[in-house]
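Student: Chain by chain, the residues:
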Amino acid sequence: MTVPGQKTRNERELIAACQLGDHLAFEEIYALHSTAIHTLAFYVCGDRHVAEDLTQQVFTRAFTALRTFNSQARLRTWLTRIALNVCIDHQRKGRKREFLPFDDQAVKGNPLIAASDVSAERTEFAGALDKAIDKMSRKLREVIILKYINELSYSEIAEVIGCSIGTVSSRLNRGHRFLAAELKDFQEEAGSV
Amino acid sequence: MSLIHVKSKLSAYAAGEVGARARQKIAHHLSHCAACSTAYKVIQQGSQFARQISVRAPSDEVWHQIKHNILSSNSVGSAAVVRRRARRAYWPQLAGALALLLVVATAWWTIQRGLLRTPNTIGLDGFITIIERAMPNDVVRAAARSLKGFYVTPQERAFAIAGVTDVSDRLPLDGVSLTGTRMRTIETQEVVELTYSLHGQSFAVFVAPASVDFSFGERLITPAQLEDIACRSVQSETARTYWFGAGGFHCVLVSQLQDERQNAAIVRYFVKAHEELQ
Numbered sequence: 001m002t003v004p005g006q007k008t009r010n011e012r013e014l015i016a017a018c019q020l021g022d023h024l025a026f027e028e029i030y031a032l033h034s035t036a037i038h039t040l041a042f043y044v045c046g047d048r049h050v051a052e053d054l055t056q057q058v059f060t061r062a063f064t065a066l067r068t069f070n071s072q073a074r075l076r077t078w079l080t081r082i083a084l085n086v087c088i089d090h091q092r093k094g095r096k097r098e099f100l101p102f103d104d105q106a107v108k109g110n111p112l113i114a115a116s117d118v119s120a121e122r123t124e125f126a127g128a129l130d131k132a133i134d135k136m137s138r139k140l141r142e143v144i145i146l147k148y149i150n151e152l153s154y155s156e157i158a159e160v161i162g163c164s165i166g167t168v169s170s171r172l173n174r175g176h177r178f179l180a181a182e183l184k185d186f187q188e189e190a191g192s193v
Numbered sequence: 001m002s003l004i005h006v007k008s009k010l011s012a013y014a015a016g017e018v019g020a021r022a023r024q025k026i027a028h029h030l031s032h033c034a035a036c037s038t039a040y041k042v043i044q045q046g047s048q049f050a051r052q053i054s055v056r057a058p059s060d061e062v063w064h065q066i067k068h069n070i071l072s073s074n075s076v077g078s079a080a081v082v083r084r085r086a087r088r089a090y091w092p093q094l095a096g097a098l099a100l101l102l103v104v105a106t107a108w109w110t111i112q113r114g115l116l117r118t119p120n121t122i123g124l125d126g127f128i129t130i131i132e133r134a135m136p137n138d139v140v141r142a143a144a145r146s147l148k149g150f151y152v153t154p155q156e157r158a159f160a161i162a163g164v165t166d167v168s169d170r171l172p173l174d175g176v177s178l179t180g181t182r183m184r185t186i187e188t189q190e191v192v193e194l195t196y197s198l199h200g201q202s203f204a205v206f207v208a209p210a211s212v213d214f215s216f217g218e219r220l221i222t223p224a225q226l227e228d229i230a231c232r233s234v235q236s237e238t239a240r241t242y243w244f245g246a247g248g249f250h251c252v253l254v255s256q257l258q259d260e261r262q263n264a265a266i267v268r269y270f271v272k273a274h275e276e277l278q
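So the protein lines, in turn, are chains A and B. Per our numbering: the first sequence = residues 1 to 193. Per our numbering: the second sequence = residues 1 to 278.
Please keep in mind that the hints were generated in silico from the structure rather than gathered at the bench. Quick caveat: nothing in here was measured; it's all calculated off a predicted structure. Some hints could be false.
Unchecked claim - According to the in silico footprint, chain A covers these stretches of chain B (three or more CB under 8 Å from chain A):
id, segment
1, 62 to 68
2, 185 to 191
What the hints assert, rightly or not - For the chain A half of the interface with chain B, some residues (derived, Cβ under 7 Å), not all of them:
id, residue
3, THR35
4, GLN56
5, PHE63
6, LEU179
Glycine residues also receive a C-beta, built at the ideal position from the N, C-alpha and C atoms.
Take the sequences, apply the hints, and build the full model.
Tutor: Here is the structure:
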């Protein structure tokens, strides 16, 4: 997606360039953040096609809304807020979250997993992890994804979902305990990263 | 620091989200409290699992669609650039010349594209183009953008207009679901548009009385045979578009489905529904 040999600009430069209509700058922003946004949409809505549709909406909205972007906030946080609003709008239209079972492509695309590790055991673990995420309540799933996929801090998560940092901490506590209980048969996997 | 207070902060402690003083206190407590130490190990395990949640990158098509969306709307930056440049120009003379050019160009383009149509005409050229480019789940929104004068209507009303109340409201295709119902009134004539989804792909059916025309811009229209059904095929790059009669009505199917049997089933359904109405 990025032009080979082109120096990566910092976030402020990219935003300033976008506000002047630089589409290449927006493409860089998309390249930097689309996977996190798409993954969030996927885990909120449970459907790959819907996630792609919602990702498209998020970035189309973001391009227009950049004129009012407050450069003191991190772009990731701002985009995540848009993404959550888009997902909520989608669910308000009565589209229930459907769980799609794990697929190999997700393992192969995971930068945390080396290609040589894409074994049957890995696939089984990844499938069990996906199921555990799906079993979680929406509130716990949300904070877990915002923390580990969108890489937001506790205060940023609190800002995005509109609650206190204490609430975020409490939900992450419960989320961690939930995963540990659901995946206790895979304790070796916990130690392998 | 109380036991409950420590336990409530264990995730934040594991993530480095507590201040230096609290971190010291918690570390000290964990070194002396077996229960909290065990609880902390559970939190760490959960955190390690969470770090392995699979990321999912969107397909390239998502970017292509975003690019299409932003290029087809006025972008923030380019609007600002145009305004700055316009201020520097000799605005009154330039504005006059541009206005005249615009009128001439529009008239030429309109005539060339055959857009001087009677009031009783539904233009589908733009709709077909958008369907060809739309993501499968974006068809309803694409329809809203492209169909002038159409508005959302309740399902029952849409089916009544489409003449499908006396037969099952389910098309004879497994997994099909209705995703949009819109209509437009032209003088006293009602035209309906039904959008469906089938396994992630979409199709739309327009039903109109014979007195309302459909126009397709410059697209070639050729006689076609869809299984045993005689109809007309409308030229399109990736969509399958069929124009067919149904009693005193005519219909247009714009479909992302590539399976001829499925498209034939849809056409047959609407033809049969109208035959039974007569």
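Student: Hint by hint, which ones does the structure fall short of?
Tutor: Violated: hint 2 alone.
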